[in-house]
Amino acid sequence: MKQETLSPVKYRETEDKTLLSVRDLRVWFELKRWGFLHAGFVRAVDGISFDLQKGQAITIVGESGSGKTTLLRTILGLAVPTGGEIIFDGRKLDFTKDSDVTWLRWQVGFVQQDPYGALAPFMTVYRILREPLIINKVKRGEHMPRIREALEEVRLTPVEDFLNKYPHMLSGGQQQRLVVARALILRPMLIVADEPVSMLDASVRVEILELMRKIQRDYDLSVIYITHDLSSVRYFSERVFVMYAAKLVEMTEVNEVISNPLHPYTQALLHSIPDPEPENLTQIRDVPAGEPPSLVHPPPGCRFHPRCPHIMTGLCDTEEPPAFEPCPGHLVECWLYKDGGLPEKR
Amino acid sequence: MRRTPPATDGPLLRVEDLFLYFHATAGIVRAVEDVTFELQRGRSMAIVGESGCGKTSLARAILRLLPRNVHTYKGRVLLNGLDLMKLSEERFRRQIRWREISMVAQAAMNSLNPVVRVGHQVAEPLLLDHNMTKRQAFDRAAEVFRIVGIASDFLQRYPFELSGGMRQRAIIAMALITNPSLIILDEPTSALDVLTQASIMNTLKGLKKDLSLNFMLITHDIATSSELADEVLCMYAGQVVEHSKAQRFYPSPLHPYAQKLMASVPTLRVEKKPEFITGQPPSLLNPPTGCRFAARCEKRFERCEEEPPLFRVGEESVKCWLYEKG
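Here the protein sequences line up with chains A and B, keeping their order.
Residues in the first sequence are numbered consecutively from 1, following our numbering.
Residues in the second sequence are numbered consecutively from 1001, following our numbering.
Hints listed in this document are in silico derivations from the structure and should not be mistaken for laboratory results.
Note that the coordinates shown come from a computational prediction; the quantities given were computed from them, not determined experimentally.
Where is the CB? At the ideal position from N, CA and C, for every residue including glycine.
Be aware that one or more of the hints could be misleading.
Said to hold, decoys possible - Where chain B lies over chain A, by a calculated footprint (3+ residues, C-beta under 8 angstroms):
| hint | region |
| --- | --- |
| 1 | 117-123 |
| 2 | 225-231 |
As the list claims (entries may be wrong) - Here are the simulated lysine to aspartate or glutamate pairs, EDC-like style, with alpha carbons at most 20 angstroms apart:
| hint | chain 1 | residue 1 | chain 2 | residue 2 |
| --- | --- | --- | --- | --- |
| 3 | B | K1273 | A | E253 |
| 4 | B | K1272 | A | D229 |
| 5 | A | K54 | A | E30 |
| 6 | A | K32 | B | E1161 |
| 7 | B | K1209 | A | E277 |
| 8 | B | K1260 | A | E195 |
| 9 | B | K1272 | B | D1221 |
| 10 | B | K1272 | A | D98 |
| 11 | A | K92 | A | E195 |
| 12 | A | K137 | A | D114 |
| 13 | A | K214 | B | E1161 |
| 14 | B | K1272 | A | E238 |
So here's chain B without its partners, still in its complex pose (with noise of 0.2 angstroms):
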């Protein structure tokens, strides 16, 4: 079932300022606006930020999973150099969805349909697909299963017959089942115990090694992002403000929103008092012109008022006008 990658060298997610606007009772909500990053093969990203900057609508964004009230959406989205936008929702459902990019999704575990056996409900995207037989999409579930850490004869059983942890696991299965491209991660565990929590991200570990999987982490946990990332893409106010590597990110992050995101992060091992941002995200509704921090920024001045641009500064970006020069 190992896919053999398409030739082409490039980026293995290119995303070009993408927009996603909803229609609101109150106005038009600016959930993603601008984003523009690129994800190479074999790396994997964690998207930080605070609750309600975006994330989330980011991610389904990009796997084109829409409520009806969408008021803009626009941009790039290239996988493996195929225009996404471009495809018809019909050939993206086909094609792409849960084929070349699957997710899990937040709380996920406990939506688990409680009335049919879980290895049913994780073999369901093999079934659909009208080239295998059941016999072979059971196997392919025992396989992921076995991978993941669960039993094979777990198949049998039904959602309230599993932990938390197993259920969990079960939806990793679900994700890996197709042997996508791209794996997003919406808070995989944040509804976890911690024990299972470390031996989830192991088990993500693993397969990040072994199977080569490239994963997109979304969280507010920024000390569980530090475990399985290469990169991380910083949002603030429905913006990147930075993305940097990981070795970067975690000890000296540039953009201040994202130096006043990790002072406030407590450390178990490191003795430092953590600090909080004082003020409140913008609304999206209308958002301030200029930089969407600048308010609740110490480093600001007169440029402020205007919206920087992404800056490169060494093989980071960053939107904050003190990194102009460079």
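One chain only, chain A, in its complex shape (with noise of 0.2 angstroms):
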């Protein structure tokens, strides 16, 4: 009877296999007018190019205040580009039009990273989940079905003793999940999730991302994953993104990141993750000095360049490294690379 109702997502009949495709995208927020005086922007977002394939999971890393919520933030609709323009199933959006905007969101599920702040508290699981459908216009008759359907989908089972209970009534990971399934609902194409795991326990993050993960493939769904924790990244995607200061400064796919890092931030990064060993309790980790640039006043040339040990003065400090391709569908904005090839020495 599920796997009746149950469908994969209904992608436009196109030969086209690119979900979402971001074009130089740029959202930058003012800061506060002083008068007639400006003083500026911050850039959250400045200049990022991807395309997303249908049914593919990518992450998205980086620090925080590297953008990337406001890239997320962005893809759902929620803040207004700047510059640059986003695809979508072959639609390019005008978000002036609210029309455009409500079928973004439509299309779109978010998976937030508390589950607890995310859902209110003086709902009961049937009312959270019957929000979307009834905002969405969804047929009455349909509703029911479909939070079942969802419910059982995200393994919270049997369906009648979670619908009259209320958030504080479940544990950290069954909120998640019921968030995931709030997500599903409408049966979006794409899926985006704010560190869908970082508030909760070791024990639970597994179970979670593996949910997200069998889900996205049995759907054949997009995931967009953002997360500042590395390790768990090749337990979810197939591609990896690495943002640093409102840019993406490495592309490529899961196991290259890890085995063959080109960025140097990308490097550092994976250097300073410990895995569980007695050992680190004696070994000093390799850590760049200082901090993410401003996002008011980003440096000129390559953002990572202050921080940098392979830095290149005259070049690094003030042109901006366009994307190399060192390896085949390995992308990275760094002048080391700008012969085509590897450098002898990293």
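With the hints as a guide, bring both chains together as one complex.
Encoded structure:
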């Protein structure tokens, strides 16, 4: 019965495999004006381009303040881009048109970071899941079957036991599964998840990640997953994008990023993640000094150059590096790879 | 300001049969139950476990920072051989809290007073101490700032002028300023970015080595805990289930829960598939009799209906019937 109502996402019938295409996206927030004096902009997302294929899961890794949440909010239709364009399922979005934004929000499901904060405490599970159906004018008769289907999909079963519970009666893992169910209920084409497991215990994290992976494969969904925890990435997605100071500095396959990181920032990031081993006690990690730059006045040239151990004065601090492709399918914005191949010593 | 360690050879901290229960509307919450352990001088301990297993309650019980709804608070806490539970509240406040044991509380970097200069907040424990002039206190504050890696002109700044990592360093400076014998770190890096976290862990390792400080690190992030731990205390549902040396715990823990917990940690460099633990930890309102992990344990047998004591296995102790014969 379940299998009959449940169907993979209905993508538009085209040859085009690309679901989401982001071109030179800029999202700037204006600082408070003082009279007619213009104080400047916070460049939260500054010239980002990427493509997301149908049925593909990608991860965006970056520190807080690197603009990854703003990027996500723009894809969700919650922030308005300053420049560039977003093409979703072949439709170029015009953010000034309400119909486009509403349509986009229908197509994209959102899994928030803090499950308890994302669920209204005064609503039962049934009401939480019904809310998006009411807002998006789904026929009344369809409500219950859809709610049941979503809850079964995230394994909150038996469904009857959960329908009348309030969020505080659920454990952290169950709350997060409810959030996933809510994101699925409108049958979106794309799910975006903002650090979906960072608030959960280690023992539950894997369960949620596996669940999301299974749903993604079963429904042939596209997923954008945001995290700062590189160690969980390899269990989740196919491609990884590394974000630093409002730019994507490296885009590659998961195994490639772990075995062959090219950008000095990615290398530093990987180097600073401990594995649980007693030897860590005596090991001092090599961490680049300093902090991510201000996004109001980003440094000229490569944004990582003030912290970079491989800085080439005269090049890195004056000109912004374009994306190079030293290995097939591995894009990196770093002048070290300007000759196309790998430099001799890294 | 270096304190000469007391002449006693005994352990730095000894906790015996510590209980901490809270009143709640639904009944009594058994947050810490029958906790016994020893921490030797010059060693650091990590307390790991899932959220709600009583890690923070244990720290608060040691520092006697208790809320009003305490139901039972009993046991013995010996610091350098002195029984802290026998001290009056006033004596504990004057002699122990922040003098001998200080704490970096969870998310403390966000609880700095926004309208007071950072230097003043860091020097405050010394300013309250009547033996110190303002000048001396600020000199010492500048010294600890240097130790944790912040330039001393930041003493004059307000918290909003500091980045998250710097605020966390200031909080660590605050815990260091009175030169205590034990510092409790409650999730000191969990709100920070990976690079900042690694850099703060480097600082803490340096402090441990250079000033031979004793840390008690409370965290649910097992990979990070390995950065600072000489030994590991693993808690489950209010009880200590395993107390092992780090060399033992991270590669091959003894207790089935600790084994499951280690298996759930994703690793970056080693190829393995992380597992999750089915089921949920028991409610601390009316925990099951017998072993508390039995319901989720794959290795349970008849004996598990009785509560196991802590068995000694070599230098380790483990609360599991599987190790009855050592």
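Inset, instruction - Please work out if K92/A and E195/A have their alpha carbons no farther apart than 20 angstroms. - result: With a Cα-Cα distance of about 28 angstroms, the restraint between K92/A and E195/A is violated, given a limit of 20 angstroms.
Inset, instruction - Quick one: see if chain B covers the region 117-123 of chain A, three-plus residues with Cβ-Cβ under 8 angstroms. - result: Answer violated; 0 residues pass the 8 angstroms Cβ test.
Legend entry - Restraint check for K1260/B with E195/A, where alpha carbons must lie at most 20 angstroms apart: violated, 23 angstroms
Legend entry - Proposed proximity, E238/A with K1272/B (alpha carbon, max 20 angstroms): holds, 17 angstroms
Inset, instruction - Measure nothing beyond the straight line between the CA atoms of K1272/B and D1221/B; if it is 20 angstroms or shorter, mark the hint as holding. - result: Holds: K1272/B and D1221/B sit about 18 angstroms apart, inside 20 angstroms.
Legend entry - 20 angstroms Cα cutoff - pair K1273/B, E253/A: holds, 18 angstroms
Legend entry - Straight-line alpha-carbon gap K54/A to E30/A, limit 20 angstroms: violated, 34 angstroms
Legend entry - Straight-line alpha-carbon gap K32/A to E1161/B, limit 20 angstroms: holds, 18 angstroms
Legend entry - Verdict on chain B covering the region 225-231 of chain A, criterion of 3 CB contacts below 8 angstroms: Contact hint for the region 225-231 of chain A vs chain B: holds, 4 residues under 8 angstroms.
Inset, instruction - With a cut-off of 20 angstroms on the C-alpha distance, tell me whether K1209/B and E277/A pass. - result: Given that 20 angstroms is the threshold and the Cα spacing comes to 19 angstroms, the pair holds.
Inset, instruction - Sort out whether D98/A lies within 20 angstroms of K1272/B, counting only the CA atoms. - result: Violated: K1272/B and D98/A sit about 47 angstroms apart, past 20 angstroms.
Legend entry - Given hint E1161/B paired with K214/A - CA-CA distance at most 20 angstroms: Roughly 45 angstroms between the alpha carbons, so the hint for K214/A and E1161/B is violated.
Violated hints for the displayed structure, listed by number in ascending order: 1, 5, 8, 10, 11, 12, 13.
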